[in-house]
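Turn these sequences into a full structure, and let the hints guide you.
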Amino acid sequence: MRALLSWRHLRRTYLTTPTLLRVVPTGAVLLVGIVATVWTHSLLNEQRDLVVHTYEVIDTTKDVLIGLDDAETGQRGYLISGDRRYLAPYNGALERLDALRARLATQISDNAAQVARVGTLSTLIGGKLGELKDSIALYDEAGAEAARRREIAMMERATMDQIRVVIGAITDGEKQLLSERSAEVDSDENRVRLVAILIGLASLLTRTGVEFYLARKGLDVRVVTRHPDAAD
-4 MRALLSWRHL RRTYLTTPTL LRVVPTGAVL LVGIVATVWT HSLLNEQRDL VVHTYEVIDT
56 TKDVLIGLDD AETGQRGYLI SGDRRYLAPY NGALERLDAL RARLATQISD NAAQVARVGT
116 LSTLIGGKLG ELKDSIALYD EAGAEAARRR EIAMMERATM DQIRVVIGAI TDGEKQLLSE
176 RSAEVDSDEN RVRLVAILIG LASLLTRTGV EFYLARKGLD VRVVTRHPDA AD
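Heads up: the sequence shown runs through residues -4 to 227, numbered per the working numbering.
Think of the hints as simulated: they come from the structure by calculation, not from any bench.
The structure displayed is predicted, hence computed values, not measured ones.
A portion of the hints provided could be inaccurate.
The calculated DMTMM-like cross-link candidates involving lysine to aspartate or glutamate, where the alpha carbons are at most 20 angstroms apart (straight line), are [to be verified]: (1) K123 with D135; (2) K212 with D181; (3) K123 with E67; (4) K128 with E179; (5) K170 with D58; (6) K57 with D78.
In C-alpha cells, the structure reads:
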C-alpha cells in the first residue's frame, strides 16, 4: 500500500511525460483565458454601470424641472385663489428640490463641464424660488394686485426659460456621454466574445499540437507505464 502511495510510484504512473504535455500547456492557456475573461467582464460591467449612471442623471434633471413646475403651479394657484391649500404643491416641491439639487451635484461631480452647468442651474433655481417666495409674501402683505404686478415683472426676467436652456444643455451633455458609453459597451461585449473564441481556439490548437508531437515522438502512456510489480 505504501508503495502504491509513494511519490515515485505516482510520478511514474500518472505524471508521465505524455500526461504533463497534455495538461500543462492546455492548463496554461485556460489560465490565461480565465484572467482575460475576468478582465474583459470587469471592463464591460464598468461601462454598463456608467450607462445606468447617465440615465440616472437625465432622470434627475427631469425631476428638477417637474419640481420647479409644481412649485410655480402651487404659487400661482395661491395668488389666484388666496387659498393656502393651493400651496401644497409649492411646499412639497421645495422639499424635493433641495434633495434633487444635491443629488444632481453629486452625480455629475466627475465631469467639469457638467459641474459648471449645474452650478449655473443651481443659481437660477435659487433665483426662481426666491421670486416665488417673494410673490407669496407680497400677496400676504399687500394683496393680489401688488403680487400680480410683481409676477409680471418676474416674467420679464424669463428665469424659467433660462433654467430650461441650462437643463437642456445638461441633458444634451449626458446624451453625448450615453452615446459614447453605449458604444463602449458594444465594444466590450464584442471583446468578451472574441476572448472566448480565441481561448477556445488556442486550447484546441494547443491540445492538437501536443497530440501531433506525441505521435511524432512515439510517446504514449502505454509506453511509459510499468508493470505493477516493478520495484520503486
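Now for the hints, and whether the structure bears them out:
At roughly 19 angstroms between alpha-carbon atoms, K123 and D135 fall within 20 angstroms of each other, so this suggested pair holds. For the given pair, K212 sits about 46 angstroms from D181 by alpha-carbon distance, which is inconsistent with the 20 angstroms threshold. For the suggested pair K123 and E67, the alpha carbons sit about 9 angstroms apart, so the restraint of at most 20 angstroms is met. For the hint pairing K128 with E179, the CA-to-CA distance comes to about 46 angstroms; that exceeds 20 angstroms, so the pair is violated.
Taking the CA atoms of K170 and D58, the gap is near 16 angstroms; set against the 20 angstroms cutoff, the hint holds. A C-alpha spacing of about 29 angstroms is found between K57 and D78, which places the hinted pair above 20 angstroms, so the restraint is violated.
Going down the numbered hints, you'll see the structure goes against 2, 4, 6, while the others check out.
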